[in-house]
Amino acid sequence: MQSRIRKPRSTTGLPPGTLVPPSVAEGQRVRIKSFVYDESSYTENDLTSLADLTVPENTSAVTWINIDGLSDIDILEEIGERFGVHDLVLEDILDTEQRPKYEDHEDYLFVVMKMIYYYEGRGEPLVEQVSFILRDRMVISIQERAGDVFTSIRERIRRGRGRVRRRGPDYLLSTLTDAIVDQYFLVMETLGEQVAHVEATILKDPRPTGIQSIHRLRNRVITLRRSIWPLREVISHLLRGEQGIIKESTRPFIRDIYDHTIQVAETLETFRDMLSGLLDVYLSMVSHRMNEIMKVLTIISTLFIPLSFIAGVYGMNFKFMPELEWKLGYPFVLGLMLIVALSFLAFFRKKHWL
Amino acid sequence: MQSRIRKPRSTTGLPPGTLVPPSVAEGQRVRIKSFVYDESSYTENDLTSLADLTVPENTSAVTWINIDGLSDIDILEEIGERFGVHDLVLEDILDTEQRPKYEDHEDYLFVVMKMIYYYEGRGEPLVEQVSFILRDRMVISIQERAGDVFTSIRERIRRGRGRVRRRGPDYLLSTLTDAIVDQYFLVMETLGEQVAHVEATILKDPRPTGIQSIHRLRNRVITLRRSIWPLREVISHLLRGEQGIIKESTRPFIRDIYDHTIQVAETLETFRDMLSGLLDVYLSMVSHRMNEIMKVLTIISTLFIPLSFIAGVYGMNFKFMPELEWKLGYPFVLGLMLIVALSFLAFFRKKHWL
Amino acid sequence: MQSRIRKPRSTTGLPPGTLVPPSVAEGQRVRIKSFVYDESSYTENDLTSLADLTVPENTSAVTWINIDGLSDIDILEEIGERFGVHDLVLEDILDTEQRPKYEDHEDYLFVVMKMIYYYEGRGEPLVEQVSFILRDRMVISIQERAGDVFTSIRERIRRGRGRVRRRGPDYLLSTLTDAIVDQYFLVMETLGEQVAHVEATILKDPRPTGIQSIHRLRNRVITLRRSIWPLREVISHLLRGEQGIIKESTRPFIRDIYDHTIQVAETLETFRDMLSGLLDVYLSMVSHRMNEIMKVLTIISTLFIPLSFIAGVYGMNFKFMPELEWKLGYPFVLGLMLIVALSFLAFFRKKHWL
Amino acid sequence: MQSRIRKPRSTTGLPPGTLVPPSVAEGQRVRIKSFVYDESSYTENDLTSLADLTVPENTSAVTWINIDGLSDIDILEEIGERFGVHDLVLEDILDTEQRPKYEDHEDYLFVVMKMIYYYEGRGEPLVEQVSFILRDRMVISIQERAGDVFTSIRERIRRGRGRVRRRGPDYLLSTLTDAIVDQYFLVMETLGEQVAHVEATILKDPRPTGIQSIHRLRNRVITLRRSIWPLREVISHLLRGEQGIIKESTRPFIRDIYDHTIQVAETLETFRDMLSGLLDVYLSMVSHRMNEIMKVLTIISTLFIPLSFIAGVYGMNFKFMPELEWKLGYPFVLGLMLIVALSFLAFFRKKHWL
Amino acid sequence: MQSRIRKPRSTTGLPPGTLVPPSVAEGQRVRIKSFVYDESSYTENDLTSLADLTVPENTSAVTWINIDGLSDIDILEEIGERFGVHDLVLEDILDTEQRPKYEDHEDYLFVVMKMIYYYEGRGEPLVEQVSFILRDRMVISIQERAGDVFTSIRERIRRGRGRVRRRGPDYLLSTLTDAIVDQYFLVMETLGEQVAHVEATILKDPRPTGIQSIHRLRNRVITLRRSIWPLREVISHLLRGEQGIIKESTRPFIRDIYDHTIQVAETLETFRDMLSGLLDVYLSMVSHRMNEIMKVLTIISTLFIPLSFIAGVYGMNFKFMPELEWKLGYPFVLGLMLIVALSFLAFFRKKHWL
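Residue numbers (the numbering used here), protein chains in the order written: chain G, 1 to 354; chain A, 1 to 354; chain P, 1 to 354; chain E, 1 to 354; chain R, 1 to 354.
There could be a bad hint or two in this list.
Given that identical chains are not distinguished, each listed pair holds provided it fits within a single copy or across any two copies.
[Claimed, not checked] Computed cross-link-like contacts, DMTMM-like style, restricted to lysine to aspartate or glutamate with a CA-CA straight-line distance of at most 20 Å:
#1 Lys350 <-> Glu292
#2 Lys327 <-> Glu39
#3 Lys351 <-> Asp205
#4 Lys327 <-> Glu269
#5 Lys295 <-> Glu81
#6 Lys350 <-> Glu77
#7 Lys247 <-> Asp87
#8 Lys351 <-> Asp38
#9 Lys101 <-> Glu233
Worth flagging that the hints you see were computed from the coordinates, not collected in a lab.
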């Protein structure tokens, strides 16, 4: 999960709508996969270019084009021409620092989301931008890289399970969104375990690694918020939008996703509160520890410094010191020391330091 | 009261609307109880299956079906079929991490709440999800477990006390909600006593257990907020909704519940404020304590270190140290030490350290 | 001023609308006083029961019934029956933990406020709930206890001073509210003096009693907010309500009260800000004090510990220590000590510690 | 600038609308000045009573009456009678603790503002309440004291400079408001210099006077906010109000004032942020200083305490201590001490304390 | 980047609408440059006075007048007269402390923005105010100084690249705004690097320069917020405004800019959160460091002080001290010392201090 603020693509100085692939995408191979399905059949194709795609006319079949990788400008330009997509939209697809957004164009909806998921066993979740274009009988999804959270949906299309084959492209979009938001719960779960672990560690032994763990988790929460909070708005737009492109029968599913998004957002807020509470605990544990250390130092010092002073007095080399000549001088001084020490111990007990 | 963020049921990868019982519910026995009542009579039945239930037709009798336990998917599916409940609603009923919610479907209202109550003498309050479906002449309530806060309402139905037998299912729902919110006050009361106890403890003796108590209470407040804040919205929807399913005569009762919910929510905020105030008090008490300890160390050290130095000087073994030969050398040095000690004491007094 | 969260009356488990007197009211004597007045005349009666009250018909005379004490349920039930007051309203009157509220019923308005006032020379202000029912030609006010802030209004009615005799029951209600809000200013004034006193104390000498005073005042501000903030809303409802029961000519007076309430609420916020500022000052004064103490300890210790070491060296009993034999060994060592001491003093001066 | 919360005038217990001069106004001489002007001419008069004022009829001339001082109730009552001003408005004029407010009465607008300005070279800005009544062809301004920020406006009226003589009373009011808001910028400037001064001082040397300066400035910001924030609302009302009394051509000027008010309010917020940032800096500088002090103490103590111990060992008077007899015992011990000291120095260097 | 609050121009006391150049502008040479272009051709002129400008009539050609420098009042007055610009607008152009604003006048739009950019290799970004007047077929831009971020736009006009030559003045304004907002990303990037650098430094070694860096960055964030937050509102007005002056086809470009502005604003908020998190880390690192130092001091002191005391006892000069005569007195005492030292070491180990 990147916690740095990355520079937006180097389009400064270029006219708006100029397409420049993001620098991280350079050299990537772009892969295109299309699904064409209706209730009774489906076709699946790996395409090398959009030109190979034939969108069936005069049927109710739904086409889902998925593109992995942003390095090939030509494909985007072809999408722009063939499906009438505005070049500012195409520019947004290439800008991987986009915040989640929703745009209602005349013929199509444009939606940007962040896919956050654990990929191939890495410890850190990946954040990847996915853009969706929802058109009449078609969904186009464009991802930063290969690898996504849509595997089970592809399976459902192939096997005709669930509602997806019986419904339109709006339902497909809602299912894809649902898969993305479902992954957030997994990320939340891991985060929750990490918060609980840090809490347990700090309550046991407050070390400076504790504060650094809190700091790291807090920064992660801040980063996740930037991806998840705007999504609420996006899905709320999908829900309330007046456009005919989202059918009435799909709304309950979007409302469900909306509820999940709010649940994730509130969980994030809870983590935030918990982490700032943990910081307070950490700081006061450190303070308490300092107190303990100081107490030991003070007890030992105040106990022995006066005794050392007494010993020092009778270590002086004056010729005329009557006590030195006394027969019981030594036991007398030892007794004096004992009395002084006991008084200090009583004082410490009174102060509740022992 | 669970303070951890639990994972939502393992439905990741499944199509929306798939019914999976929550893992904690496994193996539970499901119990169904039905009440059918009107002003003049009532019947009470323990059912083994929904199929045994006959909803009286063509009467004004109200049916209340209560289901304890979520492990039996068949019952939910039967509710779905028989009463036309959407499968996303059924999925929500099974998701016990649901936040309180309100959904207005065409034929019925769907409401989720959190029941927070002390059960069988446990020290910690239980949080249990209750879902309500309010239909024409019927309320269905589905709980996570056996045991609830509705005992007195059942009694009232049986004995015909209060308004409940004379009114419709909307009034029954408002009474059930009222019983849930009433329990919140008991939880608030206990919490209030705990806050007061921690306050008293900290003001007497600031120990690190103090900060941990504050931390624990603060996390509990955060958890309760997650259950109670969204309820305000839910009840506000019930109150303002335009639907014919809630009768005008029931609104004053819902308004009353709304006022109570706000009162609980404000009390929670007050606890939050008080706990963060207590943290400040704790930290400054610890600081003060450190000051006290340092003061003792400083007084003893600065008093005796110079005296020890003087004693050290006259403990040196130089052959030619005239003072050592003086007849009054020893009393002179003792006097010098006294003067030094008194000067320091005067200095401490001036600094208000004594 | 109670800072604890008191339990709401023990109505848990009872049907809504059941009347139970608050536990604190038990055994209190209830007193009823009625005023009937118009521009030319007034009658004042102490009643033992509401049955004794005759409300004049067919006149413009205003009736003000004031009830002190909540222990007698019969009186409330009589109000309910005779004046058509909903039993949820009667229940709210008995619930002394009510937050300030406004309810617009068909025939009457129901308003709950908190009277905060100094009573019979106590140091702590009393918080007492007052409920008002405003009907056609009638105001009913119900208080928790005898003793209130309405004495001067009674006087004005008796002597016919001010506008009160010439105007309707809505004006009477606005005057009663005005009297309550006026008392808030007195409470604010005392609070302001206490804040100023704590500020002066802390800036002079930061002791732990300081933090406890801040804590106590902050809790008081929190408690007062709970009483005063919702009042803004209540009065705003009175002001904007479309009901014919508040006459147009009374609105300027209510708007005036509204302005006062906002002024009190803002003053409370200012106190809150000031107290949290004071806490910062307190903590940094304590830090500074610790610094001062540590500085003294450090100066004395670092000054004398090396000198003691030198003395210790020449206190060793080696047979062959040439310096001990030197004629000027002693003055030489004293000079060495002086040089060391002066170097440290120079170091402290450079560090600005002296 | 008063930072205390002053008691509102002692009107507690009096009927609303009773006129009582504020206690601070007692004994003040009230001064009345009138300007009557149109595009071609102007008259200026010092009046002893309002009765001396003749408002020209049937002309477009504008009358500006300015009253300095609140001690004379008669003048206010005369305003009330002659110009139909509500007695609650008159009461508000006398209440110098009023927050800035705007009231739209049928025939006139009533506006209260706070004039904050440096007067006669005092270091502290004065806060003075000014009330405005804007009527048909007339502005009445009532101030607490002599001395104001309107001198240049009077000059412009006398010399016919600017637009003021060519426009109506609404423009006059906007010009007066503009003069008040312009003064706020001067106060902000001084405050900004003080914040910068405190910042420089603290970054150089964090002394407890630093925290007290921050505290004082923060309280001043709180006080100014109380005067300036509500003004935004007041001017926004002036701007949006539907009343014919403010002409369309005056609106751009009011919009300009509105922008300035927001600019002042934002500057105040910036100061608030900066001051709370400074507090953090101060506290961490103090912490750092403590660290420095402790480091010196620790280095000196840990260096010399072991050395002193070694010296102490060889200062013991045992009869049989072989080292004491060694020829090279003394240099050997000195060497040992050197090694110990160098080891500690190496340790400190490793810890980056040197 | 100025972090001081500068005084608004010294117009206090002058009538609104008086034009006074800002003091910093004095002596600057004013430069005027005009572009007149349509799809097929363009002319570019450096003008010495606005009188030299001929705006082509009856064509669709767009005129862009850019003015660098605010010292010449005559030019502004000429703009006022020739293009009917209100003198309050002209005054706002001269007030370089203006916050970003949008004003919709009948014939023209007036927009103020802040250009924040790195100029000629300086380390600090420059903040410069730019005012825009958008009229029928004309954009006038007025800058504080020479040097801006519009170079690439001029190039595009000259070479006819992009859409700019084919579209109207509204598109030109949107392109200029786009160029300004694009620069914000560069500033954000540098700021992000600085935050990351401070973070790395603090986590490695918490020095007081760390807190000062945080403080400086935080003040910079505060200053940038003042420039960027109001811009959101400005662009939102441009987007939603009903005026015919912004064509429908330009809106997508403005919406794009709006999204960018929000992205910048959110990034600023993220920096704010990160910096306040860093402060917590810094403070707790300093605390931890103090703990480390105290631990060393305490270990050394508590280890050697009791040993020194024992040595001191046997350094006393009493005549009758039996141990001194013992043959094994010295090794016995050394053994005693060893035991004491080992006990303390065991104690420290138990306390996890070693």
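**Asked** Which earlier hints turn out false for this structure, listed by number in ascending order?
**Response** Per hint list: 2, 4, 5, 6, 8 violated.
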